[in-house]
Amino acid sequence: MFKVLISDQLVPNIHFLKIEAPEIAKKALVGNFVVVMVDEVGERIPLSLADWDTEEGTITLVVMQVGTSSRKLAGLKPGDYLFSVAGPLGLASHLDNFGTVACLGGCYGIGAIFPLARSLKKLGNKVISIIEARSKNLLYWRDKLEQVSDEIILVTGDGSSGYKGWAYDPLKEMLEEGKKIDRVYAHGCTFMIRLISEATKSFKVKTLVGLNPIMVDATGMCGVCRVSVGGESKFACVDGPEFDGHEVDWDILAARKTVYLEEELRSLQRFECQQWYFEEAKAIGVKL
Amino acid sequence: MNTDTVKKTKTVNLTINGQQVVARKGITVLLAAKEAGIYIPTLCYHPILPPYGGCRMCIVEIEKMRGFPTSCTTPAEDNMIIKTDTPQLQELRRNILELILTEHPHSCLICDRKEQCKPYHTCIQKVAVTTGCTMCPKNGRCELQKVVDYVGLKKVSLPYTYRKLPVLRDSPFFDRDYNLCILCGRCVRVCQEIRGAGAITFTYRGPRALVGTAFDYTLKEAGCQSCGACVDVCPTGALAERAVKWEGIPDYAVTTTCPYCGVGCQLNLGVKRDRIIGSLPITGSIPNRGQVCVKGRFGIAGFVHHSERLAAPLIKRDGRFVEVSWDTALDFIAEKLQGYKGDQFALISSAKITNEENYLAQKFARAVMGTNNIDHCTRSCYSPSEVALNQAFGSSAVTNPLTDISDTACILVVGSNTHTSHPVVPLEIKRAKDKGAKLIVVNPREIKLCQWADVWLRNFPGSDVALLMGMMRVIVDEGLADFAFLEERCENFESFKASLKDFNLDFVEKVTGVNKIMIEKAARLFATQKPANIIYAAGITQHIHGTDNVFAIANLAMLTGNVGNPSSGVYPLRGQNNLQGACDMGTLPNFLPGYQKIGDLDIQKKFETAWGIKLSPLTGLTLPEILDAAYKNNIKAVYLIGENPVLSESDTGYVTEALKKLDFLIAQDIFLSESSQLAHVVLPAASFAEKDGTSTNTERRIQRVRKALEPIGNSRPDWWIICEIAKKMGASGFNFSHPSEIMQEIASLTHEYGGITYQRLEDIGLQWPCPDNDSNGTPILHVNTFVRGKGRFTPVSYQPPPELPDKEYPLILTAGRSLYHYDTGTLTRKVLGLNALEPEAAAEINPADAHKLKINDGDMVKIISRRGQVSTRTKVTEACLPGVVYMNFHFSETAGNFRTDQKFDRVSKISEFEICAVRLEKV
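As they're listed, the protein sequences go chains W and A. Okay, so the first sequence: first residue is 1 according to our numbering, each after it adds one. Okay, so the second sequence: first residue is 1 according to our numbering, each after it adds one.
Next comes chain A alone, as it looks inside the complex (with noise of 0.2 Å):
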């Protein structure tokens, strides 16, 4: 909340223990003791959590009030008289504690040598069965110990009671000793409210009462999703992270950004004898609000100490890698480089790395290697929404912070399996869906979010557009349009409306499946409530026809007026951490950074005199072409950045030859992954753990990666390698000492980054364009007007999927993500407890297929194209539709991208990801 409305906000006087304390309305009691420095204890009490008033610990005495009320759940009001710690209150808190005690091992809480047993300590006295606190792992943390402490306890009159539960092990990431459990409930409240998972519940009631399962399920069975929220709001020891539940308290932490997906989530790294032993969410953080998904909380940690980590520069010798030192390694790649400038060189750069890193990755190609072929992995997820969204609403980013998702009415989600792709944004939907918002599915197949939905349309792979132009064409048809909207902010209109003439609800029902009663129900919806969301992800971009697809959904946002406003926009999820600020940094064969047109005399003289070099005019190569050139021969050298296209690109053998025949490849991983043991020269670059810089995520936000380690082994921060590169070779303008000069630099030549300097970034990230320093971001884009002006309907056609089904290959196979895995599996593969959960591919098939190729749940099959063949096991579910089969692409051995379409997106040169015919054979 910025300081204007704070003051608008009507506030409250009250009186806390004789103190004058001024609060905002509508808060509690509880909150207003805590603004004011007013210690009130708790036990149920999470600031995450809707107040509950279970514990009964943080009463208070109220002048005119009857009893006690919990401060908790009273609201502060004038006047009022609060007292919170009363001899009377802290007796009452006493026998309230006491009676918690009865069940909780409380030997050392109310121990007469609490002092004097520390500095005794002579064994580890980490036992199996905590039987008090020094034994426990929240020692020091726990919040029991706190309030035992302020309310000054010293006896329990009544005995403990044993419950001699054993300590459940059922998750790969945590242990569960309900030996310790109090029933505050936080950890059923947050799976339940905030999670919207339910795994867990009270089970039995009265002196049984317990947190469980139900059934005693296993927690996977139950739903759970391994998020670990419940670990972070248990006020005990009684659930623990194993891996690190004897480290204590961490000697510094320190507060960066998820590397995983595009939310750009903000943890906090804690690191104790220089290794991370936890990465924790942040109450209150945004965007994520304090909250994160398995890979953010258990999966960092397991790569960044991997032992497969490189630690050394390797160069290719008679076919081996031998360690060599960062000069030779340096200087071997300089004096190669110079023979390959110019268009035989291209550059692929990276999502992962930082801005600073992908800013100078571009600026090496252009100014040193004096090429525009820089791309990076944009072009396998996102590019047909730059295309698209460019030309409707003349930029391609989200065009509303994640948090207003909450305070929507109506959430269209398509093409995205938001569960598992960007696992905090169903938050933010499951908020809204709480406030009342309506939540229509358009996938096929049955994903998590579809239990939320109010209409699921299960369309066929690859039939979008012709359910998004049917659902427009009943909204045009009823004059459910938002026509004062197109009158004054759109233009082309009616050539769109011609355009939907090919749509009428016949065809569409024919083509999508989709009976056309629901669609007519959820294009009413849509149109109906306001504001609405539209959010979308690789579902709808990795087709031939993904442009278009896009196009289909800039219509529709326009066509409500759903485009500018508080909570109404259009969401592209973006997949990879820094996926938008790769984009926004240039690495692309078409735009310097700040999207400034290659080709463009003005902006080209601009970038010419502050690099001062000569910059080609001529657009450069996107990734798959410079795959296609290498193959060709054309391209000869490639310095390939923090990617691993054998895998994340389609069609495997065909990339992997092309790698094959460069003269020169330089690849700069943090890992040995499958491209890079093509290379000649691999060099070990340092992890996000261990560099300064910052990372742009999908909803613009530009927000600070710090550095919490020294760079493992000999490896080195990506920026480094570049600009050391770059010097070697007699390049100018790569003398940086810090990443925070390289900003400086961007700053300097990008409008969207104008104001951007690291100071700012210090507290929370700023959403461009943040031209100057005066501005602070800008939230909403296309407010008033949209960015190109007026906001341009493009007329689409339906275009069937390339590869249909045939009698040879009778299924479609489509591709998607796992909640566990991340991309091609470099890291999350490397993360025990990941792989624990998931540890192989499964082709997932409909049990009427499984039923006619005669395979059970479980079987190895052969999944076959027209291009090759992958073996895997399969699960038979009703989650996906008959026809189909379902794999995700994280697993080298099963890559789920083999030899996948070699075609492409006529405008954005994507390739046909999500759609290949196969047939399946049993093993």
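So here's chain W without its partners, still in its complex pose (with noise of 0.2 Å):
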């Protein structure tokens, strides 16, 4: 059982968890993720480390609520278990001291470009930091990435704070005003690293993107987690999760990703009826 210390909305949707987990902590390393169930009956998700302090023996995840097994997640509070927390899974980030590099992230990915952009630094990196959101209010961890890099740009999709447009925009910018950049790092939902991947392939600057499909056991049995890169078929769980995004077959990715949303719609609907009977009924005086 793995105990939850901090429990902590960021903004809207966005959530902060730091878990007790000695043993994962001891081993992570930056690109790593574990595979969480948050209860007995619950699914396996698997979720990029966006921390970890071995002397502590805790692990920080940032999670988005998007469906019932982020939501359980989300309802945890401090003190409570997890079932079960396997990792460290998956290879590490091949990280050395490139020149400048651009760290992108998005949504949940804001979290998991942290400890990239700091081991980065640490090798000697230029480390250009670029987060979007759809609007201000979304936007977090800045004061915390502003530590670790050199420069740090904001993006949001409405203008509300700094740039107006998506990540990629002022990275493209840079790009055309001839700044070199030697490599990029894009993690976050699935349609904005693919963005990015395409922005930045004709420039062919090198751009590693963390994929986040479908996966079940990680540990390269199931094979629900495939990917198509360069033709050929990878798992994103032993194989990755980071990959070349100039590489990969985002129509594949995408077309595979949505494969159980009717199931997932259906299963959050009787979560969310669920829980009203299991929370706010009672709150409201209602005997079960």
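The hints are simulated quantities; they were obtained by calculation from the structure and are not laboratory data. Remember, it's a predicted structure, so these values are computed and weren't measured experimentally. C-beta atoms are modelled at their ideal positions from N, C-alpha and C, and glycine is treated no differently. Errors might be hidden in some of the hints.
Derived SDA-like pairs (lysine to any residue); straight-line CA-CA distance at most 20 Å [said to hold, decoys possible]:
(1) W:K136 with A:L525
(2) A:K272 with W:E263
(3) W:K201 with W:E263
(4) A:K497 with A:E520
(5) A:K220 with W:Q275
(6) W:K126 with W:I153
(7) A:K272 with A:I249
(8) W:K164 with A:Y162
Some chain A residues near chain W, calculated using beta-carbon distances under 8 Å [claimed, not checked]:
(9) T122
(10) Y160
(11) V322
Mind docking these for me? Both chains are given alone in their own frames, and the hints should help you get the complex.
This is the structure in structure tokens:
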């Protein structure tokens, strides 16, 4: 059992969890992820490590509430326990001193680029962090990223803060201006990392993206997380989750990700109704 | 409105955007444009609500008028020249929208990737807090999206302020996320102005203004009846039905008739992936005017898709049910039933199934089994009206359409807790009240209607005859009767007048417990305000003197001349969706379809020729008599369709015994009810959503029931099952491939349904009598002459309730309905949300009695009658009269009709459901 130490909403729908997991913290590397089961009947979901502390014996996750399991996760309070956390899993990022590196994050991906930027900076890179949200009130961790970046660019879809547009816009601008960027890392939703990959392709800047396909066992057995990269089938769990964004077959990935949308909806609806019975109904004095 | 009146109504000519428009006089510019197909954006406007003019989206330019008037509040006048889409108007609208959007998450609304976004959705994006359209349950159906699109808003120059409000989840059915609210006020207005509930209101003022409940009460505390009207009018995703929040737009929608009470509300069942994802009211529908109650709105999918639905035929072997194939079950039944032909067989049909199925049920009993032993639950609630109104008027049906109520000047509601039993009818009463009508409520309990009443007569249970006769005595003595009407249209007045002698007001006051001044006041009000209506329900009929009660009501209506005119009539409200239709179809022991009497040789001949068999000329047994005969072993086989007599009939223990004694019991139902558990064979029926047919509501309107889904599992529509059994038994005349063919046969044999075809029912139901294709139905009965010729007065005498309280049993137990449950709870208790609102029965007692018995609110008590006892929780409330215990009858574990009196009304054979002497003991 894994104890929840901190559980907090960063911005609407994005949740921050600090979990007691000393064995995982001891071995965690940049780019690793964990597979979480919230409760005994819960589904297994892969989540990128947003931070870890070997001394404290804790790991940090940033989760977006989009479906049943993430709702359950966000519902945990300090002192609650997670049924299981397996990890660290996946290959570590290949890090080096590349020169100038852009780290792009959106949604829950802002969490994942934090340890990445920190390590890259330590290795002597010039780190430009670009974080994206649809609106000002959805941006988080600006201060944390500032500490590990040489430059930070905020981008909002509605222009309510920083640059108006999307994460690839300032990146593209820099590349068009002839600014030298040696490597791009992108974490976030599939839509975002795809557009970033497409934007950097013509500039031939190596772009590494953290893929997040549906995953079950996360040890290379089931094959559910397979993705097509450079014409080859790869398993995101053991061959990834980081791949070359210019090689990924995005259409297949998008199609595979949506296979269970109906079931996910059904599950969420049932969960929201049940949750009402277990949590809200009592609060308004319904006897069950 | 029919075509003639449209022609007669004056019209106005106006020009909208250069287009010549002819509009009805009196409508608004907005409506005139809408009817001419010209779109004007709106947010606070809703067709069911009075104009508000709050959102300023519908502003237009009208020549010779200053400024920019709101089209929703400006009447269309002759020669107006209107422009709806000038650049200046659009600019103004954009400015207003920008202000609205400063508090509505709008990043998706103005997103430059709107088009790109959708194909790339790879996660379900169903977030906890809606932060944009793609994450909103209303995405694609949101009116704000539509308006933003129309005015071409691309940029919001003001910053967005997130309200940081928690999503409120205090309703079992919907979530309230006021972060998305644009304060259009539709929900507040519908709750207050249409529903009369006033549970929600605007709270605070200025920038803090929000929609909420007073003092932050929960919705239930604030008086919310969970009707969902607010959810249905909300233009944004602020109010969303939780169970189907993320379903989006249904694959298709089917209009059908609600399966609960007798109002017969029209509903749209939305279906997605073979599941019902919503039952929504339809704007402007008749008879419910786009309103439904909690059961119709939120209580449909829960039972239709319940996991306990019967999905295969069951045969009891060694005391246990075994699943069998249809062939096995039908063969078994056909073979067994051959041995029980004649009067040892009885069929108990249902007011829940369609007209066609009821017709087939009685045809099966009469033509195949050769008996008139057929009845249904009308016996338990309506039969006194059947008897008394037939004798008085010549027809027992409701005289006027429900929508007539709103134009009346005075309404007398007696023996009906209309808000709980027929929840849409009070909306008509409210409409009438809003127009200045007077309301008289007669009820021992303080029902919700009392708060609107001009006079509330709180009489002792069972004293209605005395009260009504007392009122009539005042009317006659003071010369307030409609003597012209009496003279011309009625008979037997003198002998009735003589019977009034026994009711001097001192006696009435003593018997009813109502101050005689109040009785006089009510009598004068009712006699002088015209037109007037009388609405009553089971509180009048479910008495041993139920027939006398109805006679008294009929007398009162005739005495004041309130029969046969618009907005003046008698409304015996039917409890079940198709109680009227089941009676019309002749599932009665004494009538063939269309109230054609058993024993009349010509009629018998007509049916014998049509059906090609011999009919029994003997009147059959009524439902309680069937159960009696079963108890005495005179009836050996019973075919039970969709009924649960164990709970619905009086004296649960006796009924159970009676059914156990049968040689052969077939139960056909959608769930394994308390009664079907006693059966030898159980047949799984399809629910209303899985079959075609018609049902007839309380105002005689024949309405379509439409198939929305394929039958669940291996269930089958009732009409199919009856036909198959009949065919297996070698009978002819049961070869139907669709219910519309059955309706053809019904039309050919009954005068009232003579002109009914499915085609004619397509848009709106018809009110019978509709004898031929030229008839458009008959909204008002007894117009120039009563159906029986002259209206007949009947002398009535007072008869005290059969069981009066005594020392040992000092309290009176009465029964009623809850808003959240329906009948024996077979359907509603399958719906989680309804159970949450009312999970168990509670015996209501007055604080005075509670104090005497040292009972606190919520204590468990035993209610003991002369015949048995049940345990239940108590609710101490002033709503209950001292000396009276009130309990509803929906819960099997505390069956409210437990061991009620096994005495019958002498004429209609209804049991005494309402009154029974009891004592309470604290557990």
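- prompt: What hint numbers does the structure not satisfy?
  reply: 1, 3 and 11
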